[in-house]
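Novice: Protein chains in written order, with this note's numbering: chain S, 390 to 825; chain D, 390 to 825.
Please keep in mind that the hints were generated in silico from the structure rather than gathered at the bench.
Each pair may be met inside one copy or between any two copies, as identical chains are not told apart.
Dumping the calculated DMTMM-like pairs for lysine to aspartate or glutamate here, alpha-carbon to alpha-carbon at most 25 Å: (1) LYS769 / ASP497; (2) LYS769 / GLU496; (3) LYS769 / GLU735; (4) LYS522 / GLU511; (5) LYS522 / ASP570; (6) LYS769 / GLU695; (7) LYS769 / GLU713; (8) LYS769 / ASP742; (9) LYS769 / GLU558; (10) LYS522 / GLU485.
Since this is a predicted model, take the numbers as computed values, not measurements.
2 protein chains.
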Amino acid sequence: MSARAGIVVTGTEVLGAQIADRNGPWLSERLRELGVDLEAIVVVGDRPTDIEAALRWLAAEGVDLTITTGGLGPTADDLTVEVVARAQGRPLRLDEPLRRRIARAVEDAVRRWPRLDRDALEQGTRKQATVPKGATILEPVGTAPGLVVPPADGVRGPTVLVLPGPPRELQPMWAAALATDALRWAVRERTTYRQEILRLYGIPESEIAETLRLAERAGVELAELEVTTCMRSAELEIVTRFEPAAGPVYEALASFVRERHGGVLYSDDGSTVDEQVARLLTRRPARTVATAESCTGGLLAARLTELPGASAYVRGAIVAYANEAKTTLAGVEPELLARHGAVSVEVARALADGAIERLDADLGIGVTGVAGPGGGSDEKPVGLVWISVTGRDGAGRIDRSVRLPGARADVRERATTVALHMLRRMLLGPGDDDEA
Amino acid sequence: MSARAGIVVTGTEVLGAQIADRNGPWLSERLRELGVDLEAIVVVGDRPTDIEAALRWLAAEGVDLTITTGGLGPTADDLTVEVVARAQGRPLRLDEPLRRRIARAVEDAVRRWPRLDRDALEQGTRKQATVPKGATILEPVGTAPGLVVPPADGVRGPTVLVLPGPPRELQPMWAAALATDALRWAVRERTTYRQEILRLYGIPESEIAETLRLAERAGVELAELEVTTCMRSAELEIVTRFEPAAGPVYEALASFVRERHGGVLYSDDGSTVDEQVARLLTRRPARTVATAESCTGGLLAARLTELPGASAYVRGAIVAYANEAKTTLAGVEPELLARHGAVSVEVARALADGAIERLDADLGIGVTGVAGPGGGSDEKPVGLVWISVTGRDGAGRIDRSVRLPGARADVRERATTVALHMLRRMLLGPGDDDEA
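Turn these sequences into a full structure, and let the hints guide you.
Specialist: As structure tokens, then:
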């Protein structure tokens, strides 16, 4: 029996999709690390009745901890603290030392704008320093304090952890919350789970369903594991969560998957293809990479440079959107373009060669395709992408055409993922199993 | 009194943050367009009891429509349809014509994998063709049908719209759902709201709070409007929703904002800065653009090529991550790099000039900065980015350095946004108001 939690994300701008919620997923990962089961994430607007309804529902579901995010600002429409105080049966009071600390933080924050309304600022500070009696205060990172609010004597329900909305305030405050007795007491029943991820590339989800059935028939006790499969683009993740005692069962499952899908299993240690490519490029002999992209418009370069330290192995990129740019910047012969068209294996190869030559890289990646919505033809439909990964001085070449589904953004993103897997394959060399 | 809706996003991989939910926000926007109030988005895992609890809660809250996403796959752990059928009091039955249609779609989808287990496929097809009696079937886009499931006679509660999880299946199916009598009946009480968005660049949120107070004092009846403000990167959105009769009140608010913040108000027609830049580049005389990027690593080029039709105005980009690439590809003089360092106004300008020259563009954008986490110094800290937007043959130049907060990904993304605003400013020319 493990501790259970729910999350209430508040904010009309989140519910209305003007802003994406980053806190729910982030807290979900932290709860998993902590060994607390997450039941549900509820997104509601700023209306007190809606926040209250969400709190009541989670309490009725019997969670041990409810975490709220947002609604802690200085303005009158931010009402999370008031609603939580009522739900927990605790009166509000002004905390004078807290008020002074917030006032100092506000002074710092508004120094850039000297003409702000002082009355409004002071009113806001008092509001943010008004907290439920008996709550544990988490020091503000911005100007809003967080709170750990246990139910008052005689009130049944979960402890409520109140956190601010901006991720850069919420995230440091999580660590502070974990250090409080009040929070530790709320989640005292937690179980330490292990979580392992297997990542496969290029097989359909139904194959994994079948593999799980066969594993069970072969005696792997899947009931001991919580297995989730998840497909994104052409990558399939098998996420398994289990109590430490079930370790051998997981190992048996992992071996079974390895045996059946060895060729397409590319990660069993949690690493992403991005991290693997970075690792392979920096291991000795270190190699550098450059791209020459058409339809992906720089997305592949952006993704290769996403990880810190990318400057050690990314030389740069040429985004050759116009045909002239393919010629002048990447050195693609005009005859090649005229004869085969921009979307062709010949041009993908020439782009890769050009990236190597112009950027002095060990490996070049050429990408050319039809991202859509326009520009497709019967012969070269929207979604057709040619990719070439090429080594310097003829040190290997992998070419591939794919027909990618989805809208413009999907085609661009998927092409980027395919290219990264091809680069990984090239870096591993011919000694390894071939992918399907 | 308007129709009200709730959304239940199902999926252990969404709840566990392995995959980001795109459907909740997308459906939120569609409901708003439709004039239906969204009460809450609930994210739960794949457990039937959790899905059921979420459905029951929304029913108890009195919504008219509940939309579920996900859990429609061919495997036995996808149980949304079963749970919804039970909640709505409708028995399940195999729909034979639907089964045949799904079987054909499955044949198409698996043609690439000839060795798949036939039994597993047929079992999956039968499962996906088993639907609640009396439900309206929405034709599969992938292999999963959607459903509109009204409550059976004698059952109280909302109509449930069942949609698949993959966005590229869900989105086209939404249009099909809207065309059904069953869905139209469920949301018959909708109110047509108007929504308008004002977008400002480069002022703090507290200033807008103050502006709203002043507007109210000046007689603008804000109680007639639902105003939400939302900050992301340096862009601030004021989203106002109102019944058509309150149109004049909104116009009064918009005028008030325009008067106080004319210099930083960049959009009052819903357009994003990306769309404005695209529009400005294609209006006569049409102009082309190219970028030479260091720390943004291709993100700016990727963003400029995001919109369909970008090939008309984007020539391409140079991602000059290595200093040598800055010289060989973008023509930045080595002395310049040695004298001023890579992160300097001089190099930003030289990159912009290089982009124009090498890619034969009318406008060049140079970006160079310290994205972090390493590479910062006292003089040039992490987050410092120099950007130059330059016109061909000396036709104007805007340079700017910014000190951007946040982690590596934030710095890269914010720098991209700043560059787009500078490009917009350049395209508007000196005739317009200057930004703060």
